[in-house]
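Numbering-wise, the working numbering puts 41 at position 41 of the sequence shown, and it's gapless, one number per residue.
To be clear, the hints were calculated from the coordinates, so they are not data collected in a lab.
Built from N, CA and C at the ideal position, the CB exists for glycine as well.
Certain hints may be false.
As the list claims (entries may be wrong) - Only pairs whose alpha carbons sit at most 30 angstroms apart, straight line, appear in this in silico DSS-like list of lysine-lysine: (1) Lys-257 x Lys-309; (2) Lys-56 x Lys-241; (3) Lys-56 x Lys-222; (4) Lys-241 x Lys-309.
Stated by the list, open to error - Restraint ranges, calculated between C-beta atoms of paired labels, are given here: (5) Val-310 x Gly-425: 46 to 52 angstroms; (6) Thr-12 x Asp-414: 18 to 24 angstroms; (7) Thr-472 x Met-142: 41 to 47 angstroms; (8) Asp-96 x Pro-239: 15 to 21 angstroms.
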Amino acid sequence: MMKTATLRTFQTVHTWTGLLAGFALFVAFYAGALTVFHDAIAAWQNPPWRSAPDAKVPVNALLERLIATHPQAREDFGIVLPTDASHAAYAYWQDDRGARFATFSGMDAPGNEARRGDLADFVYALHDSLGIPVVGLYLMGMVSVLYGLALISGLLIHLPHLASDLFAMRAGHNLKRLWQDAHNAIGVISLPFHAIFAVTGSILCLFTLMLAALDTIAFDGKLNGSFVQAVATAPELAPSKIAATMLPPDDLIARAKQAALAGGVSSFEPDYLHFVHYGERNAVAEVRGLSQHTLGTYGTVALSAADGKVLATHVGSLHDINGITYSAIYGLHFGTFGGSLVRWLYFALGLAGAFLFYSGNLLWIESRRKRRHLDQPRRTRFMARATIGVCMGTCLGISGAFAATLAASHLGFDAAIPQRIACYGLFFIACAHACVRPVARAAMELLATISGLTIAVACADLAANASALIHTRLPQSMAVLGVDLTGLVLGLVFAALTRAVARRARDGDPRSVWALSATP
């Protein structure tokens with residue numbers, strides 16, 4: 001039996017780690033739930049019937065134009081392959097101005113920059129770094145560590161009564177108890193998945209910092225070079241300076257598929273080509289691809305770009321320990337190791353995780369309000385406003401990013417800037433609205449806005465694409481329809497939440513911060 005003082009310590013740890021990390025984790029989980037369907041969102045933004053201008057350009061033509069336009073890139077460059085027939089391949093290389101991206105036609109454009117307004121990538125950036133470059137990634141790593149601490153302390157708190165309280169949902173006049181039961185049940189049932197997310201999130205976000213720390217403390221500055229050699233998936237060949245004819249990309253991809261399938265995987269879908277010393281006899285081509293129904297989902301096959309000889313294979317059972325470890329971490333974090341059922345499970349877990357952190361804040365507020373006083377403590381009102389502003393602002397901002405992307409796509413604009421203006425602008429407007437309006441009214445108004453905007457975007461896209469959806473029989477068509485239908489369902493869920501909040505504000509405890517009669 002745990003001592004009362006020990007239990008109180010764990011409760012304090014659980015409460016404050018949850019509060020400190022909760023806001024960032026709400027953003028990560030809500031955006032992460034959508035990121036599970038990354039490819040579907042990409043198809044929604046650019047469906048097959050509204051293809052990118054370069055979508056039909058062969059990869060070989062892109063490669064030839066890159067070498068002709070930027071001959072210095074031949075030493076080291078990559079080509080990101082299209083995910084479907086409606087997306088264009090684009091090249092990636094580095095020069096004295098840093099990283100460069102370009103599609104086939106983009107080679108002639110000023111700056112040679114490919115269009116980077118990819119909504120799916122933007123939502124992913126919100127998930128892994130709150131949309132903040134570099135610093136945001138490390139911040140989310142530290143948040144993941146706090147998240148793991150909250151999980152451990154929460155489990156220890158509820159462990160003595162786990163069996164009796166797990167499925168207890170005591171509905172009634174005591175709304176705090178109902179929220180507590182829902183919070184506990186979701187947290188315990190999804191605990192294995194949350195443990196996976198906390199561990200893998202910490203590793204993915206803080207790996208560079210951990211490597212640098214180990215290099216300084218234990219390896220006398222020699223770890224970086226050794227690490228690069230240990231994780232390399234292709235042999236490092238010295239430049240030969242002897243010109244040679246390169247095999248076409250399609251031939252290299254076909255040979256890589258054959259080698260991967262021979263390695264025991266059931267499928268291998270290439271998504272990236274990497275070339276070193278292109279045009280020389282010692283040129284190396286590395287083909288990365290995705291395999292389903294295996295923990296090591298991403299694998300690579302390295303070949304000689306001159307004759308197609310397989311130099312190294314890292315797929316399925318042929319992964320080395322470094323490759324299988326990283327691939328397993330990635331697959332477990334994003335659910336890429338399974339099919340549609342696993343993706344929908346991760347989607348549900350993402351939304352449930354967002355609810356977990358939102359409900360945790362509500363429980364903190366309810367535990368600290370004065371039940372016999374109409375005027376609530378300032379800290380209670382501050383946390384209520386912060387919870388509404390950040391959580392609902394996140395949902396509103398992401399819906400706004402979808403709306404901006406839809407408008408930009410139909411108008412033929414790059415969606416990158418409109419996405420960010422809409423998302424961050426609506427987020428800060430929601431936070432400001434939560435600060436100046438009475439708490440209950442702010443919650444109702446923001447929920448109603450989220451519901452209306454989400455439903456409007458889904459209906460507008462369905463109306464615009466109705467004819468194409470009826471007459472086009474492609475997997476991407478079903479992806480577009482799925483995104484719109486999911487948007488409609490989410491919009492209706494937010495509408496139901498609006499009604500529930502309005503009912504509580506009207507008929508609930510008049511001394512609660514969520515009541516219409518509460519002090520502003």
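So, against the hints stated earlier in the document, which numbers end up violated here?
Hints 2, 3, 6 are the ones this structure does not satisfy, whereas the remaining hints hold.
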